[in-house]
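Trainee: Chains as they are written, first to last, in our numbering: chain A, 69 to 213; chain B, 46 to 169.
Think of the hints as simulated: they come from the structure by calculation, not from any bench. We treat Cβ as the ideally placed atom computed from N, Cα and C, and that holds for glycine. Be a bit skeptical, because a hint or two may be false.
To be verified - Only pairs whose alpha carbons sit at most 30 Å apart, straight line, appear in this in silico DSS-like list of lysine-lysine:
no., chain 1, residue 1, chain 2, residue 2
1, B, LYS150, A, LYS129
2, B, LYS133, B, LYS150
3, B, LYS87, B, LYS133
4, B, LYS139, B, LYS87
5, A, LYS129, B, LYS87
6, B, LYS160, B, LYS133
7, B, LYS155, B, LYS139
8, B, LYS87, B, LYS150
9, A, LYS129, B, LYS139
What the hints assert, rightly or not - Label-pair distances were calculated between CB atoms; the ranges are:
no., chain 1, residue 1, chain 2, residue 2, range
10, A, PRO207, B, HIS91, 41 to 49 Å
11, B, PRO61, A, GLY140, 29 to 37 Å
12, B, PRO110, A, PRO130, 14 to 22 Å
13, B, PRO61, A, VAL174, 28 to 36 Å
14, B, HIS91, A, GLU151, 16 to 24 Å
15, B, THR137, A, VAL141, 44 to 52 Å
16, B, LEU122, A, ALA168, 20 to 28 Å
17, B, SER132, A, GLY185, 49 to 57 Å
18, B, ILE164, A, VAL135, 53 to 61 Å
19, B, LEU122, A, ILE210, 39 to 47 Å
20, B, LEU131, A, PRO155, 19 to 27 Å
21, B, ASP138, A, ARG189, 33 to 41 Å
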Amino acid sequence: MDRSLFSRDLFAELDSLQRQMQQAFEFSPSIRGFARGGFPAMNVGSTPASAEIYAFAPGLKPESIEVNLERGVLSISGERASELPAPDAEASLHVQERFAGRFHRVVTLADDLDPDGVEARYRDGVLHVSIRRLASAQPRRINVN
Amino acid sequence: MDQKNAVTREPHEAAPSLLPPVDVVEDAGGITLYADLPGVSKDRLHLEVDADTLIIEGEMDMRIPEGMEATHAEVALPRYRRVFTLSKELDTDKLEAELRQGVLKLRIQKAEHAKPRRITVRAA
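Isolated chain A (complex conformation) (with noise of 0.2 Å):
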């Protein structure tokens, strides 16, 4: 608003408005992208003693999936197989909205994370990932004598 009393092209407005949204919901825009629409969605969340990571991949056996840290990028991938009959059969497909096939995401994380202390779980169609930070990371509270 103090910019400028005279705006300058609505459009360029508009275009730094949007840039400003996605700078505020997506906080660093990793190199490697963090594509939307993918599957699975993730989302990413920390704690001070740790990062937390969501996949929705629902339909999975846990042990087919593959979950790797290395150097602070955690790399999710697997394969879902399609229920969905073979093409010769009797029987016709209405809809397919749901992925089916290999997937691979990769997620760009603070270096502070310690990659001994990984535990993954999947329930419920979700995998969830905590990533213990290290403890030399972790805010402390230095007595003063």
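Go by the hints and put chain B onto chain A.
Mentor: Okay, now just chain B, sitting in the frame of chain A:
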């Protein structure tokens, strides 16, 4: 009383929700619907058939650590809802539902009289 019910019901139905992706397959015996509802447990899944309307609703049951701050969210709502109109030949009494690891499998049989029959053509 009725009026109060109507008022309290409204916001629930209008609550913003996610549209779960589905696959729908039809064979001679009926229709099979698969819906992705990750995060929904059996007791938070709500299926309703009202005349020829099928309503699928589910609430996510996620245990989020205390004090967690979301830094990136592609799934921004905690509930799903999707409504389908069924056709007359489907027998809603014969409805089987199964929820496994966030995937709902719903089987709706066709009414006996609606199943395809082969009609023999006799030579004159």
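Trainee: Between the alpha carbons of B/LYS87 and B/LYS133, is the straight-line distance 30 Å or under?
Mentor: 28 Å, holds
Trainee: Does the beta carbon distance between B/PRO110 and A/PRO130 stay inside 14 to 22 Å, or does it fall outside?
Mentor: Holds, at about 21 Å.
Trainee: Per the hint of 16 to 24 Å, is the separation of the Cβ atoms of B/HIS91 and A/GLU151 within bounds?
Mentor: 23 Å, holds
Trainee: Taking 30 Å as the top limit, are the C-alpha atoms of B/LYS133 and B/LYS150 close enough?
Mentor: The hint holds at about 21 Å.
Trainee: Given the hint that B/LYS160 pairs with B/LYS133, does the C-alpha gap stay at or below 30 Å?
Mentor: Holds, at roughly 12 Å.
Trainee: Is the hinted range of 28 to 36 Å satisfied by the C-beta distance from B/PRO61 to A/VAL174?
Mentor: 30 Å, holds
Trainee: Taking 30 Å as the top limit, are the C-alpha atoms of B/LYS150 and A/LYS129 close enough?
Mentor: 16 Å, holds
Trainee: I want to verify a distance hint. Is the separation of the beta carbons of B/LEU131 and A/PRO155 within 19 to 27 Å?
Mentor: 26 Å, holds
Trainee: Would you mind confirming whether the straight-line C-alpha gap from B/LYS155 to B/LYS139 stays at or under 30 Å?
Mentor: Holds, at about 8 Å.
Trainee: Can you tell me whether the CB distance of B/LEU122 to A/ALA168 sits inside 20 to 28 Å?
Mentor: 24 Å, holds
Trainee: Run the distance test for A/LYS129 versus B/LYS87: straight-line Cα separation, threshold 30 Å.
Mentor: Since the Cα atoms of A/LYS129 and B/LYS87 sit roughly 18 Å apart, the hinted pair holds (cutoff 30 Å).
Trainee: Is the hinted pair A/LYS129 and B/LYS139 satisfied, with a Cα-Cα distance of at most 30 Å?
Mentor: 29 Å, holds
Violated hints for the displayed structure: none, as all numbered hints are satisfied.
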